[in-house]
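Chemist: Listed below, chain by chain, are the residues.
There are 2 protein chains.
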Amino acid sequence: MQKIIECVPNFSEGRDRQKVDRITSPFRDRQDVHLLDVQTDADHNRMVVTLIGSPEAVKSAVLDAMEQAISLIDMRQHRGQHPRMGAVDVVPLIPIRDVAMEEAVALSRVLGREAADRFDLPVFLYERSATADHRTNLAAVRKGQFEQMAEKMKDPQWQPDFGPARVHPTAGVTAVGARPALVAFNVNLGTGDIAVADAIAKKVRFVGGGLRHCKAMGVSLDDRGIVQVSMNMTDYTRTALYQAVEMIRAEARRYGVPVVGSEIVGLVPMQALIDCAAYYLGLENFDMKQVLETHLMQGEI
Amino acid sequence: MQKIIECVPNFSEGRDRQKVDRITSPFRDRQDVHLLDVQTDADHNRMVVTLIGSPEAVKSAVLDAMEQAISLIDMRQHRGQHPRMGAVDVVPLIPIRDVAMEEAVALSRVLGREAADRFDLPVFLYERSATADHRTNLAAVRKGQFEQMAEKMKDPQWQPDFGPARVHPTAGVTAVGARPALVAFNVNLGTGDIAVADAIAKKVRFVGGGLRHCKAMGVSLDDRGIVQVSMNMTDYTRTALYQAVEMIRAEARRYGVPVVGSEIVGLVPMQALIDCAAYYLGLENFDMKQVLETHLMQGEI
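Sequence order for the protein chains is A and B. Under the numbering used here, think of the first position of the first sequence as 862, with each following residue one higher. Under the numbering used here, think of the first position of the second sequence as 862, with each following residue one higher.
The list makes no distinction among identical chains, and a pair is therefore deemed to hold if it is satisfied within one copy or across any two copies.
Simulated pairs of lysine to aspartate or glutamate, EDC-like, Cα-Cα distance not exceeding 16 Å: (1) K1150 to D898; (2) K1150 to E1124; (3) K864 to E917; (4) K1063 to E1107.
If you're looking for bench data, these hints aren't it; they were derived computationally from the structure.
Next up, chain A with everything else stripped away, as it sits in the complex (with noise of 0.2 Å):
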C-alpha cells in the first residue's frame, strides 16, 4: 500500500496567469504526484492549490513550487483581501492513506527546514505541528499579515521555527504544519436575513460554544437572495457535518427559518459523507471495511 499525502499550499499570487502557471509548473508530470486542483481569486490576490502524492515526491514538488512563488513575488507589492503573512502563506500537509498523524507532523517539519535553509526563509510549524499552543491556530500566527510581521517578530513568543529571526524582505512568512482534511461545508437557509446566518454560525463554531472541530460564519448568496452558513469542518473524524446541519436546523427553528441545502466546496474524504449516512440511516455495527472501494485502495490487486 502505497503512503498517499495531500498537500494545500496557499500563494500569495491569483491574477497573473503566467506566474500562476510556473509556481504550479512543479505539480505537472512530477513522478508519484497528482494536481487535483489550482483555485485562483483575483480579489483575494491568491491561489490555493490541491495536490497529493506520496510523502517523499510532494515535499520535493512543493519546494521547488515554493522556489517559484519566491522568485516571482513581492509582498511589498502585494494586494488582496485575504489575510496573507508570505508568498507562500501556508502548507497544509494532510495524512490521507497509510500515514499516520505523527508521521504528517514529522514530514512538516523537514519541509519547513529544507524550505528555510534553501530560501532563507523564516518557518513557522502550526496546527498539529505547532510547538507552542499560542502558535497552533493559523490566524493567531499571521495576524497583522505581511506588513506588522517585523515588529511581531521582535517578541520572543514569535520567533520562527526555522530559519532566520527576521522577515524575509519579498517572501515575509512561511506557515507550514500537519492537520487533519479539512471539509468546506455551508449550509443554506431559506431566508434572505444575514443577521439569522450570523447568529446561527456563532452558536455552532466552536469559538461561540458550538462543535469543537467547526469553524463558521455568515454568508449572503444575493443571486439566490438567501444566506447560508459558511463552515470549516477542521476534524471531520471528531466533529462530523450531520452534526452541524441538525445543530443549525435547531437553531434556525428559533427564527421560523428552514433548512433548504447545503453544499460541500471542494474535496471530501469518503468518510465524511459515509458517517453522515451511517446516522441518518441508523446503521449498525457499521465497518468502513464494507466499502467496496478501500479494497480497491490498498494495492492490494
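Using the hints provided, position chain B relative to the given structure of chain A.
Modeler: Quick look at chain B alone, frame taken from chain A:
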C-alpha cells in the same frame, strides 16, 4: 486505470471445511484476483464467495473453482435449506470500475460457454445477460431445483444457452449472468410482531407495487425480540437505500412502530452510501469527483 469486476459465485457446499478450501483455492495467491469474503452456511449447505479482480483473471479463477466444485459436489446427495440447482449454483458478474454493463454481459457469455464446453454442463444466462425475459429472474430459472430440472428442460422454453440439453448427473445446471452490484440492507423495527415486518416488506418491494429495484421479506430477530425488513437492493443506482428506509418508516407509522436501526450485510459500493448522505444533508450540485478517494482509485498516481 485497471478494469475491475466483482464475482459472487455460490457453491452448493457449506459444511465440509476441506471441500470449501479446495473450491476457494483458485482465488488465493492468484495474480490480479483478490478474495474478499467466503461465507459458509451449514443450514443452507452453501457457500457465497466474493472476489474482485481484472475480468480475464476473475474468469479464469472462477472456471478453476468450478472445476473443483464439480469434482467434489454430488447434487444427488445434497441437502440444504436454500434453493439450489447445481454444484455451482449461480455465478453473478458485477462491473465495478471502468467496466460497462455490456462488457460484463460479454464476459458472462464467454465464461458460460467455456464452462459448458469444459465441464459438459448446461448453463443458463440470467439477469442482464438473459436471452429471454422469462429467464431474467434467477428464481424463475431455478424453480423446481436440481431434482426437477431434467423434467423442466424438456420444455423448449428452458433449453440452456450453452452446453448439453440435459442435466449434468452430479453437478446439475449453472446460471451465469451480469448484474449491477447488489446491497443487502435490513431495516429493524421496534416490535416483535413478524406480521408487521411481513406486511411492510410486501408494500416496499417491487412485486407488491413498491420500489423498482427492491426485494424484501420479513425476518424475526429472536435474540433481540424485534423484527426486520430484510432487503436486497438490486440496483442502488436507481433505487436508493434512503428511499427504502423512508418508505419503511412511512409504512411503519400505520402500525405505530418506529424504525430502530438498520444494517448492511457484506459489501456496499461507496456511492450507495454517499447518495444517502447527499439526500439527508440536502447537498446541492454534488459530484462524486469531489470524493477524494475517487482520485486515489483511478491509478492516477
